[in-house]
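Engineer: Protein chains in written order, with my numbering: chain R, 6 to 458; chain D, 71 to 186.
Misleading hints may appear alongside valid ones.
Below 20 Å or equal to it, Euclidean Cα-Cα: the simulated EDC-like pairs (lysine to aspartate or glutamate) are [unchecked claim]:
{"id": "1", "chain 1": "R", "residue 1": "Lys378", "chain 2": "D", "residue 2": "Asp97"}
{"id": "2", "chain 1": "R", "residue 1": "Lys392", "chain 2": "D", "residue 2": "Glu178"}
{"id": "3", "chain 1": "R", "residue 1": "Lys430", "chain 2": "D", "residue 2": "Asp128"}
{"id": "4", "chain 1": "R", "residue 1": "Lys439", "chain 2": "D", "residue 2": "Glu135"}
{"id": "5", "chain 1": "D", "residue 1": "Lys93", "chain 2": "R", "residue 2": "Glu408"}
{"id": "6", "chain 1": "R", "residue 1": "Lys167", "chain 2": "D", "residue 2": "Glu135"}
{"id": "7", "chain 1": "D", "residue 1": "Lys104", "chain 2": "R", "residue 2": "Asp265"}
{"id": "8", "chain 1": "R", "residue 1": "Lys430", "chain 2": "D", "residue 2": "Asp186"}
{"id": "9", "chain 1": "D", "residue 1": "Lys175", "chain 2": "R", "residue 2": "Asp265"}
{"id": "10", "chain 1": "R", "residue 1": "Lys439", "chain 2": "D", "residue 2": "Glu178"}
{"id": "11", "chain 1": "R", "residue 1": "Lys430", "chain 2": "D", "residue 2": "Glu178"}
{"id": "12", "chain 1": "D", "residue 1": "Lys141", "chain 2": "R", "residue 2": "Glu408"}
{"id": "13", "chain 1": "R", "residue 1": "Lys430", "chain 2": "D", "residue 2": "Glu109"}
{"id": "14", "chain 1": "R", "residue 1": "Lys392", "chain 2": "D", "residue 2": "Glu135"}
These aren't lab readings, by the way, just hints derived from the structure by calculation.
Listed here are the chains, written in short residue letters.
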Amino acid sequence: MELKMTLPLPHGGRLVDRVVTNPRAGKKMAASADAVYDIKPTLYNGMPVRNVYREIMSICYGFFSPCEGSMTKAELERILKERRLLSNWVFPYPMLFDISEEDLKKLKVQEGDRLLLRLKGQPFAVLDIEEIYQIDPKDLATRTFGTPQANPEVVKVAFDNKHPGYNIYSSYNRCVLAGKYTIVNEPKMRSPFDRFWYPPAKARAEFQRRGWNTVIAHQTRNVPHVGHEALMRNAAYIGDIKPCDGIIVNAIVGAKRIGDYPDETIVEAHEMVNIAGYVKPSRHLVTILLWDMRYGNPLESLLHAVARQNMGVSFHMWGRDHAALGPYYDTYAAQILWENGVPSFGFDKPPYAVDYGLLMRPQNMAEFWYCPKCTEVTYSENCNHDKERQRFSGSFIRSLLAEGVFPPAVIMRPEVYKTVVKWWKILGYPFNNKKYLAERENELEIDLADMKL
Amino acid sequence: MNYLAVLLDAKRLADIQGTALEKKVTDMFGGAIKALIMEMPEEQTKKVLSAFPAARLDARFFLEEVPIAVKRAIFEEIKRAKSIEPKVIDAVMARADQLKEAVKKESEYLPVPEID
Numbered sequence: 006m007e008l009k010m011t012l013p014l015p016h017g018g019r020l021v022d023r024v025v026t027n028p029r030a031g032k033k034m035a036a037s038a039d040a041v042y043d044i045k046p047t048l049y050n051g052m053p054v055r056n057v058y059r060e061i062m063s064i065c066y067g068f069f070s071p072c073e074g075s076m077t078k079a080e081l082e083r084i085l086k087e088r089r090l091l092s093n094w095v096f097p098y099p100m101l102f103d104i105s106e107e108d109l110k111k112l113k114v115q116e117g118d119r120l121l122l123r124l125k126g127q128p129f130a131v132l133d134i135e136e137i138y139q140i141d142p143k144d145l146a147t148r149t150f151g152t153p154q155a156n157p158e159v160v161k162v163a164f165d166n167k168h169p170g171y172n173i174y175s176s177y178n179r180c181v182l183a184g185k186y187t188i189v190n191e192p193k194m195r196s197p198f199d200r201f202w203y204p205p206a207k208a209r210a211e212f213q214r215r216g217w218n219t220v221i222a223h224q225t226r227n228v229p230h231v232g233h234e235a236l237m238r239n240a241a242y243i244g245d246i247k248p249c250d251g252i253i254v255n256a257i258v259g260a261k262r263i264g265d266y267p268d269e270t271i272v273e274a275h276e277m278v279n280i281a282g283y284v285k286p287s288r289h290l291v292t293i294l295l296w297d298m299r300y301g302n303p304l305e306s307l308l309h310a311v312a313r314q315n316m317g318v319s320f321h322m323w324g325r326d327h328a329a330l331g332p333y334y335d336t337y338a339a340q341i342l343w344e345n346g347v348p349s350f351g352f353d354k355p356p357y358a359v360d361y362g363l364l365m366r367p368q369n370m371a372e373f374w375y376c377p378k379c380t381e382v383t384y385s386e387n388c389n390h391d392k393e394r395q396r397f398s399g400s401f402i403r404s405l406l407a408e409g410v411f412p413p414a415v416i417m418r419p420e421v422y423k424t425v426v427k428w429w430k431i432l433g434y435p436f437n438n439k440k441y442l443a444e445r446e447n448e449l450e451i452d453l454a455d456m457k458l
Numbered sequence: 071m072n073y074l075a076v077l078l079d080a081k082r083l084a085d086i087q088g089t090a091l092e093k094k095v096t097d098m099f100g101g102a103i104k105a106l107i108m109e110m111p112e113e114q115t116k117k118v119l120s121a122f123p124a125a126r127l128d129a130r131f132f133l134e135e136v137p138i139a140v141k142r143a144i145f146e147e148i149k150r151a152k153s154i155e156p157k158v159i160d161a162v163m164a165r166a167d168q169l170k171e172a173v174k175k176e177s178e179y180l181p182v183p184e185i186d
């Protein structure tokens, strides 16, 4: 009986690597394009809610292996019906390169052509067009997330324009160019994101360098409070013959909602947990994933599992309201998926038990709260002091910060709070506001070298 | 029933010292935070959420992320009425239009706290 574990294989068996690192080769590929298109953000009510460049980055650097590009019509249909790629591997979301009919007419491209995609005025990637087809964005949005009628196991309320993920898909352009992406101008990650950039191949190399064979992932879009820290530490007691060697925090970096914390604050606040020694730096690594959150709870958990398995992660903690927003999904939808499956989404068994599924062991966690009687942060399945307990609330903590209250150490580590204040000073505001979101959309997370064609 | 926590710093605690409100102060997180917890009927909650869309109801059924200007106004009304009854919120909502102006400025600027 073998109990010791090693890092899991990538999803699909091999890591996608579609980044040309030789500048001469990249330039040659860029110059061979039939047309040029400047990438535009997806807008909802005039605000950027998605930039397809993040999908291109995550695909080409292997986070979304085995997906290699914008999906064909047949693959899109299979995703929406069964959450499988045409190669049968589990995959939750449509990945599409959408453009307006007007732009398509101007480009005059057809199947078999190569389209050069420019970003920030520079060549960035090419798309080798296999198919051009049309979508109905509202239908795409509805079918992506499911409906109470079609997916009654987990969808409780019909999706509408109060849901940011629904707004992303319903704002897509009607024309889709399907085909593989290749990055031809290797990007340079901007500070402070550069030190958290661990594409799958680099993450695996780093895990091996650290001697990690078992790694658990913590999903975040938030500044950590003490409850998050307790969740991380305790979930990591799972492992093989000993607790997990490593804990990775994988922060989602991309377009977010007004009122959320800025990405810069999030990544550095998590890093501060290890710098200040609350979890040893040798056991804790903060990383990022470029992705505009869809807030798709069980479906988002699948995407997280794909990206993190590709990074070499074997375990994933799933909590209440995972990557969720509003009343649309069951509070425990992600845990339902990972415990029993959701047949209407194509999972008669959990994603780790189906053919072509994930090699990811779920760690479904209940809640951590502060108990004044226990005088510590306790697990809800241990502490029986229902009257005394105090639940952590991200909204409550944001209210504290906005009122200028230094949060007590039982809620937020002082070093973490000081990181929030550091970015508050730099950005002029503690949370995302219109100004910040517009500036971020201009700067994005990468810079590209000047490439003259 | 929903709730709204009005945080009490040293100045606010001094403001209610000696009044009946003192007995209503609740310890949160083992006494690390002191607050007045108001009960918020459903109808009033809806009114606040509709007037101030940044506010949200969290998993504890607490109304949070209520703009600072509104929170300040709530405390002023509490102090005036010496009460945490729903009429306090009615008084604040009567000033909603005026508060919206202050809230607008708040979405662009919040003073950075002075810390070491």
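Engineer: Now tell me if each hint is right for this structure.
Structural biologist: Each hint, compared with the structure:
Simply put, Lys378 (chain R) and Asp97 (chain D) have alpha-carbon atoms about 13 Å apart, close enough for the 20 Å limit, and the pair holds. For the proposed pair Lys392 (chain R) and Glu178 (chain D), the alpha carbon gap of about 39 Å is over 20 Å, so the pair is violated. Proximity of Lys430 (chain R) to Asp128 (chain D) is assessed by CA-CA distance (about 27 Å); at most 20 Å being required, the pair is judged violated. The straight-line distance between the Cα atoms of Lys439 (chain R) and Glu135 (chain D) is roughly 17 Å, inside the 20 Å bound, and the hint therefore holds.
With a C-alpha separation of about 23 Å, the suggested pair Lys93 (chain D) and Glu408 (chain R) falls outside the 20 Å cut-off, and the hint is violated. Distance check on the hinted pair: Lys167 (chain R) and Glu135 (chain D) sit about 17 Å apart at the alpha-carbon level, within 20 Å; holds. For the hint pairing Lys104 (chain D) with Asp265 (chain R), the CA-to-CA distance comes to about 25 Å; that exceeds 20 Å, so the pair is violated. Among the hinted pairs, Lys430 (chain R) with Asp186 (chain D) is consistent with the structure: their alpha-carbon atoms are about 13 Å apart, no more than 20 Å.
With a CA separation close to 18 Å, the supplied pair Lys175 (chain D) and Asp265 (chain R) stays within the 20 Å bound. In summary, the hint linking Lys439 (chain R) to Glu178 (chain D) is supported, as the alpha carbons are separated by about 8 Å, within the 20 Å threshold. The suggested pairing of Lys430 (chain R) with Glu178 (chain D) holds, with an alpha-carbon distance near 13 Å, which does not exceed 20 Å. Note on Lys141 (chain D) and Glu408 (chain R): the hinted pairing holds, with a Cα-Cα distance of about 9 Å set against a maximum of 20 Å.
Distance hint between Lys430 (chain R) and Glu109 (chain D) is unfulfilled; the C-alpha atoms sit about 35 Å from each other, more than 20 Å. Only pairs whose Cα atoms come within 20 Å are accepted, and Lys392 (chain R) paired with Glu135 (chain D) is rejected, the gap being roughly 25 Å.
The structure shown violates the earlier hints numbered 2, 3, 5, 7, 13 and 14.
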